[in-house]
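Protein chains in written order, with our numbering: chain A, 162 to 259; chain B, 2 to 503.
Take these hints with a grain of salt, some might be off.
[Unchecked claim] Here's a subset of chain A near chain B, in silico, CB distances under 8 Å, partners left out:
(1) V183
(2) I187
(3) G224
(4) L228
(5) T255
Please keep in mind that the hints were generated in silico from the structure rather than gathered at the bench. Given the structure is predicted, the values throughout are model-derived calculations rather than measurements. Just so you know, even glycine gets a beta-carbon here, dropped at the ideal spot from N, CA and C.
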Amino acid sequence: MVRVVLEFSGGVELLFGNQKTVEADIPQNGGQLTVAEAMAWARDNLLTERPELFMKGSSVRPGVLVLVNDTDWELCGELEAAVTDGDRLTFISTLHGG
Amino acid sequence: MSGEKELGQLREQNARLQAEVERLKAAVAGPGQQGAQAAAANGAAAPDGAAGSFPAWDGLRHGLSKDQIARYSRQIVLHSFGVQAQARLCRGSVLIVGAGGLGSPAALYLAAAGVGRIGVVDKDSVELSNIHRQIIHRRAPHPPGGLLALGPVGVHKAVSAAEACRALNSSIQVETHLEGLTPANAVHLVRQYDVVVDASDNAPTRYLIRRATLHRVHAVVLCWLHCMRLDACCAVGRPLVSGAAIGTDGQLTVYCHGHDGPCYRCLFPEAPAAGNCARCVDAGVLGVVPGGRAAGVQALEAVKLLSGVGDPLSRRLLVVDCAAGRFHSVKLRAKSANCVACSTHPSITAASVAAYDYAAFTGQAATNDAAPAPLQLIAAEERITPAELQQRLASEPGCVLLDVRPAEQYNVCHLPGAQAALLWPHSGAPSMPPSGGQGGGGGTAGASRPPAHPPLYVVCRRGNDSQRAVARLRELGMAHAVDVVGGMEAWAHEVDPGFPTY
């Protein structure tokens with residue numbers, strides 16, 4: 162199990178029962194937990210509605226930024242980025258307007 | 002190749018600028034060079050041997066007038082800002098795209114701070130529901146004593162915003178662009194300013210702006226078609242100060258800045274699907290969030306870009322959670338080498354922005370804070386008008402009226418006896434509240450309801466969601482479900498003018 166803090170904002174929290182922060186123990190399948198696995202786990206265990214607004218195929222849907230410890234996942238390996246105990250995984254839907 | 006041509010143009014530009022620098026250096030050094038440094042330091046000390054009267058105030062070399070120095074003195078005396086930064090601000094220009102919740106406070110701050118030229122782009126007129134956050138619109142009603150509560154309602158937003166900026170600071174130049182930002186005019190408009198501030202309300206505009214920003218240090222504030230703005234910014238080399246606020250959340254960043262700042266397409270090569278972007282008109286927005294939180298930061302970033310002071314919010318996203326009282330910034334990727342808009346070989350250029358189909362790319366038309374178009378999703382015989390509903394509610398005492406709007410809207414106003422169906426957010430089948438739940442309030446749908454298939458009418462805000470609900474109810478076997486065309490807004494227009502709209 163890996164203890165991960167999952168954060169949802171910019172509207173993504175609405176898909177997760179309006180929770181902005183969830184501490185979760187995510188099981189590993191063998192080796193290191195990856196962002197892809199943590200994301201799939203969140204979809205299967207925490208998502209309450211409209212999975213198509215969270216994921217597209219095996220990745221996140223366009224318009225949602227994924228951050229590992231406040232850093233764009235593109236800088237850490239995207240889907241294959243490692244997630245370890247105490248890491249924060251953030252999903253932010255980009256906003257438009259005002 | 003266009004790349005070589007561009008390189009050539011940049012070299013020419015560089016040579017011109019260097020010549021200008023040399024000319025200015027010579028001017029500063031003054032005749033004979035001696036004593037020039039002392040003169041520059043004191044501003045008024047005459048070189049040794051100068052005879053005659055003590056020279057008058059010459060404005061130094063920053064170009065600020067006595068009035069300007071007095072007006073901007075508090076930021077001029079700021080150690081980290083100073084007179085040269087203020088002078089750059091006074092020579093700078095900003096295009097504010099959208100005079101709404103973000104653009105209007107940003108425009109006021111930038112006018113007050115002394116940005117020399119401000120362009121305001123919008124195409125809408127002020128509505129009553131805008132004013133709680135779009136605080137720039139405050140023109141007195143005319144005729145005096147008329148519709149006092151309405152104030153600036155109906156005035157063009159760009160005109161109203163420009164008037165307020167001029168009233169605040171008559172020493173600056175304020176320009177209006179009343180047609181809004183379109184693919185046809187985006188590059189042309191963005192090119193005229195140093196920085197673009199994006200305060201637009203929808204995704205297609207966002208991409209357009211970005212194309213225009215890449216080639217010069219200018220700031221543009223945009224409020225309408227975000228992607229178009231971005232593309233426009235990328236194409237002509239202007240940094241784009243992007244801000245958004247919905248509900249109690251805000252997000253801010255600077256795109257297309259410096260050598261590695263990404264554009265929106267670097268982050269999202271594929272546009273968010275239509276329907277994934279919440280808008281204030283649907284999702285709501287707490288009035289102080291866009292202005293108090295997001296627009297202030299946008300104005301600040303524009304000031305930083307123009308003055309050259311501080312580290313711009315490039316490659317970072319500032320996330321503001323006003324409900325939790327939390328600001329934090331996260332690190333973003335550098336620009337993509339393969340980006341279609343801002344890489345060294347872009348396929349979207351200044352010349353192609355005008356022809357780009359942004360509505361197709363983002364799957365949505367560019368609409369502002371406006372209502373969605375009425376749809377016809379189900380057969381006409383499955384729908385009745387509000388006037389018909391009124392007759393049937395009177396003549397069918399056992400009928401059920403199902404209101405499928407979100408709870409927040411249902412709590413604002415609903416017809417007597419209407420049952421709330423917790424359909425929001427569109428989670429599939431409507432789920433009925435337990436009896437005695439939110440749908441209470443007595444009325445016709447009480448405990449004495451006949452057991453078998455009482456007439457069932459479905460309403461929503463405007464008549465689109467209610468059609469989806471009727472379709473779903475019919476799938477579930479409730480073939481007697483009937484939609485009300487135009488929803489509660491049509492009810493207010495056609496049946497009961499006293500019924501609130503929002």
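Do the hints match the structure? See the list:
no., hint, in the structure
1, V183, "15 Å, violated"
2, I187, "21 Å, violated"
3, G224, "3 Å, holds"
4, L228, "5 Å, holds"
5, T255, "6 Å, holds"
Figure legend: structure checked against the earlier numbered hints; hints not met, in rising order: 1 and 2.
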